[in-house]
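A.B. asks: Protein chains in written order, with the working numbering: chain A, 211 to 540; chain B, 211 to 540; chain C, 211 to 540.
The set of hints was computed from the structure by calculation and includes no laboratory data. Hints should not be assumed to be uniformly reliable.
Since the list gives no way to pick one copy over another, a pair counts as held whenever it fits inside one copy or between any two copies.
When the alpha-carbon atoms are kept at most 25 Å apart in a straight line, the in silico SDA-like pairs for lysine to any residue are as follows [unchecked claim]:
#	residue 1	residue 2
1	K407	I299
2	K249	D459
3	K269	F419
4	K447	L278
5	K462	V316
6	K462	T451
7	K407	Q302
8	K269	G454
9	K407	E297
10	K254	E434
11	K407	L288
12	K249	N259
Please read these numbers as outputs of a predicted model, since none were measured by experiment.
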Amino acid sequence: MNKLNIDRLLSFEENTDDQQQNIINYIDLHNRQKEDHEKLEEIKNQWDNLQNGFSQTEKDLSYITNVLKSLSQNQERLSKEYESLVETIPEQVAEITERTFRQDIVGLPDYALESGGARVISKLTSETYKLQPEGFVGILSNLLHIAIKPGRPPTEAIQPAVHAGECWAMKGSSGVLTLKLAKSIIPTQITIEHLAKEISFSISSSLRFIEVYAIHDIKAFSSEYITGNRSLVGKEKPYATLIGNFEYDPSKKSLQTFDLQRLITNPIQYIQFQIMDNWGNPDYTCIYRIRVHGTPVSLLQNNNNNNNNNNNNNNHDDGPLETEKLIKEN
Amino acid sequence: MNKLNIDRLLSFEENTDDQQQNIINYIDLHNRQKEDHEKLEEIKNQWDNLQNGFSQTEKDLSYITNVLKSLSQNQERLSKEYESLVETIPEQVAEITERTFRQDIVGLPDYALESGGARVISKLTSETYKLQPEGFVGILSNLLHIAIKPGRPPTEAIQPAVHAGECWAMKGSSGVLTLKLAKSIIPTQITIEHLAKEISFSISSSLRFIEVYAIHDIKAFSSEYITGNRSLVGKEKPYATLIGNFEYDPSKKSLQTFDLQRLITNPIQYIQFQIMDNWGNPDYTCIYRIRVHGTPVSLLQNNNNNNNNNNNNNNHDDGPLETEKLIKEN
Amino acid sequence: MNKLNIDRLLSFEENTDDQQQNIINYIDLHNRQKEDHEKLEEIKNQWDNLQNGFSQTEKDLSYITNVLKSLSQNQERLSKEYESLVETIPEQVAEITERTFRQDIVGLPDYALESGGARVISKLTSETYKLQPEGFVGILSNLLHIAIKPGRPPTEAIQPAVHAGECWAMKGSSGVLTLKLAKSIIPTQITIEHLAKEISFSISSSLRFIEVYAIHDIKAFSSEYITGNRSLVGKEKPYATLIGNFEYDPSKKSLQTFDLQRLITNPIQYIQFQIMDNWGNPDYTCIYRIRVHGTPVSLLQNNNNNNNNNNNNNNHDDGPLETEKLIKEN
């Protein structure tokens, strides 16, 4: 509409020069105003976008500030936790170390430990390797008064010391070790230990394949072997049940605990380990320590009588005295 | 003012049509200009707000950037510290483990350790529990050649081995253990240790209530008891002072160090532990290890003579030889 | 140009009042338009800056968002790693503890360990300190039936027990200890251990300066000393090579492993430690444990024969039996 008015203005023939000049001025002003108006409109539109963008930015900033606050708090917390961890590690480690060692590393009662009351049944256990010093060694040992130690006895296998050589030197690469446990138990696990490979001169004397037998009737079992009718090492074992069958690999951890594959229902106090093979030494097998873990008969009786999970049995106790007491009681 | 001029323009009766048309155009332009001007002013105002907002945003961004930088640096530091912690843990642990074990866990000299020179005064110590094998056990043990071990002697309580059964089997649930310490000391703490509950068959044989007596005059003290006039276990102890009174709970830590409640002023070399009760076993009490910590007389003398905190005493030494030397010197 | 037009308008003499009024209105409008135009231009310019600033802000925000995302993810990762570290520390520590202790802390085979087959050559080893109980001690020990232990023998130095007093009490502050190692080896390191200072009564009896000699010909070496021609302690040692020379400081770690300064080319099985001085005790020196590490002859032979780094030697084994076997084989 304004466009039309301007055209009309310009078409007036009768307008004087001054009038015409005025009109030109109008048009000029008009155009400039129009131009600015358009610019203004454009700015107005962009303005809204910018405003929206800006209010989005403000929201973003507020969000970021919150995230930063939480990141910062988390970092502070992490940092404090970290510092306290670093500070408490020595204490923690000392405590765990103490606990670990006070629990003989494995943390399970060992019913095969000699000091706890277990015994080796010598008549049902293989021969110990014996050294025959000859020639130069014999002469030298006499000359320098060095005592030649015979191979260590089977009790080494149920004693805690496991320094180099503190093992039962079983003759050959297969044989049996028969134990009277400290208590009547349902065996659940065994632990086998060889000298750590890092400090071993060699690991070829380590046992490899081992079978575990629960002996139900020690008298009948004994008579089979003690009379000499039957070889100590063998597949068929009357009055006994094969409860586990394992391979021990000394190149892994020195201490290995195995779950027995078969759980017997009646507790036993006599157990036999049959070593089937070692890791290559043809002369002898070094057995550092074997442990037997399980559920003691006293605990089983409590469970049967009381029908609850009573884990303490204050009428019985560990120590070398316990074994015999239990037998008397039964 | 502009409004008035326009009104005046419109009131000119004598204005021609063209003139009137011009005036209308003016007014139109005027209004549009005015409108745009207002918009412009509004934008100017909002502009300042936006500018302020934006410069605040820029400040925020710069602040956020700094926070991010510091968060990022902290995170990197934490991450590196964490990695180095993870890397050094094995080394650290091995070192702490070594330190812990080389310091016998407690980290305090033990003046009651037999190998360090301490001795059990047998005449002033209760009886050891002895097993009487009967019936089936006696027969079986003969048949299978199992040696029946008598209860272990009181020296077990001052020896470091603490595997199952490696304890003094004191007869009954109360009794006394009297020691000659490795050195004359002012006792400050004692440590009691029972087999960890995790590997115990039962903890009923653990000692519970214990009293500690410092013996000032061993000769006079001895004669009271050795002549048989007085029972070893009792409330009144002439020539001795009650310096501590504790309850040991084996369901907590296996190793427990107690501060003595009374500090004596003159060093003593003879100490008596009176076990008042155990945790339920009526037949015997298993005492795995008792340690005595304190300040040795040599250190006290140094302090008195030199009036300084000299912690080294290079004229005296540990070992089984020390006890007697000290007595000679005094 | 517009300015000129306005001037021209104002100069028209013939303009009527109305005309003049119109002109004034024009000028006013013109000025206002011009003013607004300038403002608009200014805004336009600032607008571009703001737009640029804002799009920079948006880029910044997007960058910050990414940084936040990565910081947040890292933090979450750190936090999870941290939690898992905290959770696994006990397990880790127990494993390291086990490994450390199963490896006798040092983690190297000890060819001087008695249970591993090493022996003390008594004829080539200094005297043990012996206590002469006199006067009051003698009387008291009789009265109270305390056994006076003589100083412990040199075998204590090659046995693992290191509790207070479990050391070889060598007479005086200098002397020698001669060992037959468990195997023929090229010695590479030795480890010396004294009771940790934290639990020592004093460390003045600790050895300080020690020399290590590899004995090449034990027969010839022995005859030099056993016939009494030569003092056991001395600078010149025929048939032997000085391979190490160390100072042991018990105020540092209790366990210290030293690299031998000289590597011999032929393996030896006899080694002598010459203690030059201790830390101040004039009467005796307590030697808790000395270990010898090295490369065994069997491994050297394998390397020579096979020209490869075979670290296992399945034909030889540790234990007390090994020493003699090796000698026979050679």
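A.B. asks: Please go over all the hints and tell whether each is borne out by the structure.
C.D. replies: Cross-check of the supplied hints:
Taking the shortest Cα distances, K407 and I299 sit within 25 Å of each other only across copies (22 Å), while inside one copy they are farther apart (28 Å). Taking the shortest Cα distances, K249 and D459 never come within 25 Å of each other, neither inside one copy (87 Å) nor across copies (89 Å). Proximity of K269 and F419 under a CA criterion of 25 Å is satisfied in neither setting, with 70 Å inside one chain copy and 68 Å between copies. Taking the shortest Cα distances, K447 and L278 never come within 25 Å of each other, neither inside one copy (73 Å) nor across copies (70 Å).
In the homo-oligomer, the alpha carbons of K462 and V316 lie at most 25 Å apart both inside one protomer (16 Å) and across protomers (19 Å), since each shortest distance falls under that limit. With identical chains, the CA atoms of K462 and T451 are never at most 25 Å apart, being 29 Å at best within one copy and 39 Å at best between copies. Taking CA atoms no more than 25 Å apart as the test, K407 paired with Q302 passes between copies only; the shortest distance there is 20 Å, against 28 Å inside one copy. Neither within a single protomer nor between protomers do K269 and G454 lie at most 25 Å apart by alpha-carbon distance, with minima of 68 Å and 68 Å respectively.
For the homomeric pair K407 and E297, the shortest alpha-carbon distance between copies (23 Å) is at most 25 Å, but the shortest distance inside one copy (33 Å) is not. For the homomeric pair K254 and E434, neither the shortest alpha-carbon distance inside one copy (109 Å) nor that between copies (112 Å) is at most 25 Å. In this assembly of identical chains, K407 and L288 lie within 25 Å of each other by CA distance neither inside one copy nor across copies; the values are 39 Å within and 35 Å between. For the identical chains of this complex, K249 and N259 are neighbours both inside a copy (15 Å) and across copies (16 Å), given an alpha-carbon limit of 25 Å.
Comparing the model with each numbered hint stated earlier shows that hints 2, 3, 4, 6, 8, 10 and 11 do not hold.
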